[in-house]
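With full-length UniProt numbering applied, the sequence shown corresponds to residues 1 to 100, in that order.
Just to be clear, a hint being listed does not mean it is correct.
As the list claims (entries may be wrong) - Quick list of the computed label-pair ranges, beta carbon to beta carbon: (1) Thr-26 x Gly-47: 30 to 40 Å; (2) Lys-28 x Asn-8: 26 to 36 Å; (3) Glu-43 x Gln-15: 36 to 46 Å; (4) Pro-45 x Gln-24: 34 to 44 Å; (5) Met-40 x Lys-12: 37 to 47 Å; (6) Gln-31 x Phe-64: 43 to 53 Å; (7) Asn-22 x Gly-48: 32 to 42 Å; (8) Gln-21 x Arg-66: 36 to 46 Å; (9) Gln-42 x Leu-20: 31 to 41 Å.
As the list claims (entries may be wrong) - Quick list of in silico lysine to any residue cross-link-like pairs, SDA-like style, CA-CA up to 25 Å: (10) Lys-39 x Gln-24; (11) Lys-4 x Asp-17; (12) Lys-39 x Pro-57; (13) Lys-12 x Gln-23.
If you're looking for bench data, these hints aren't it; they were derived computationally from the structure. Using N, Cα and C, we set each Cβ at its ideal position, and we do this for glycine too.
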Amino acid sequence: MMTKFCNNQEAKNNQVDSTLQNQQATLKDLQNQIGQISKMLQERPQGGLPSNTEQNPKDLKAVFTRNQRGQGNKDLGEENEREVVEKDVEEDKEEEVEVE
1 MMTKFCNNQE AKNNQVDSTL QNQQATLKDL QNQIGQISKM LQERPQGGLP SNTEQNPKDL
61 KAVFTRNQRG QGNKDLGEEN EREVVEKDVE EDKEEEVEVE
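All chains should be modelled from the sequences, with the hints used to inform the complete structure.
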């Protein structure tokens, strides 16, 4: 019985040792990656933006509410807004008819 316990304990110790070695290797890899990232950040010029910035599309001027009604410049089309309002009025009328 004692030999069985010793064998089980030795197997568990070996498993713990292998797990510890794997964790140490992973930690070393992470340290290398962090070192590479810090080196890249040091080489980047201070005060500058990354080179892949995008221009702000200044010709798009629209604000949409949660119910998707457009508000903003006349360039977007007042007709669309009028259509939405007319549809809302028609829906209200239908609801009133259904209630009666």
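Hint check results:
Between Thr-26 and Gly-47, the C-beta spacing of about 36 Å keeps the proposed range 30 to 40 Å intact. Between Lys-28 and Asn-8 the beta carbon distance is about 31 Å. The supplied range of 26 to 36 Å therefore holds. Taking 36 to 46 Å as the suggested C-beta distance range, the pair Glu-43 and Gln-15 conforms, at roughly 43 Å. Separated by about 36 Å at the C-beta atoms, Pro-45 and Gln-24 satisfy the suggested range of 34 to 44 Å.
Under the hint 37 to 47 Å, the C-beta atoms of Met-40 and Lys-12, about 42 Å apart, fit the expected range. At roughly 48 Å, the beta-carbon separation of Gln-31 and Phe-64 lies within the given 43 to 53 Å, and the hint holds. The supplied range of 32 to 42 Å is met by Asn-22 and Gly-48, whose beta-carbon atoms lie about 40 Å from each other. At about 55 Å, the beta-carbon gap between Gln-21 and Arg-66 misses the expected band of 36 to 46 Å.
Between Gln-42 and Leu-20 the beta carbon distance is about 33 Å. The supplied range of 31 to 41 Å therefore holds. A C-alpha spacing of about 23 Å is found between Lys-39 and Gln-24, which places the hinted pair at or below 25 Å, so the restraint holds. Between the alpha carbons of Lys-4 and Asp-17 the distance comes to roughly 20 Å, so the proposed pair stays at or under 25 Å and holds. Only pairs whose Cα atoms come within 25 Å are accepted, and Lys-39 paired with Pro-57 is rejected, the gap being roughly 35 Å.
A C-alpha spacing of about 16 Å is found between Lys-12 and Gln-23, which places the hinted pair at or below 25 Å, so the restraint holds.
The structure is inconsistent with the numbered hints 8, 12, although it conforms to all the rest.
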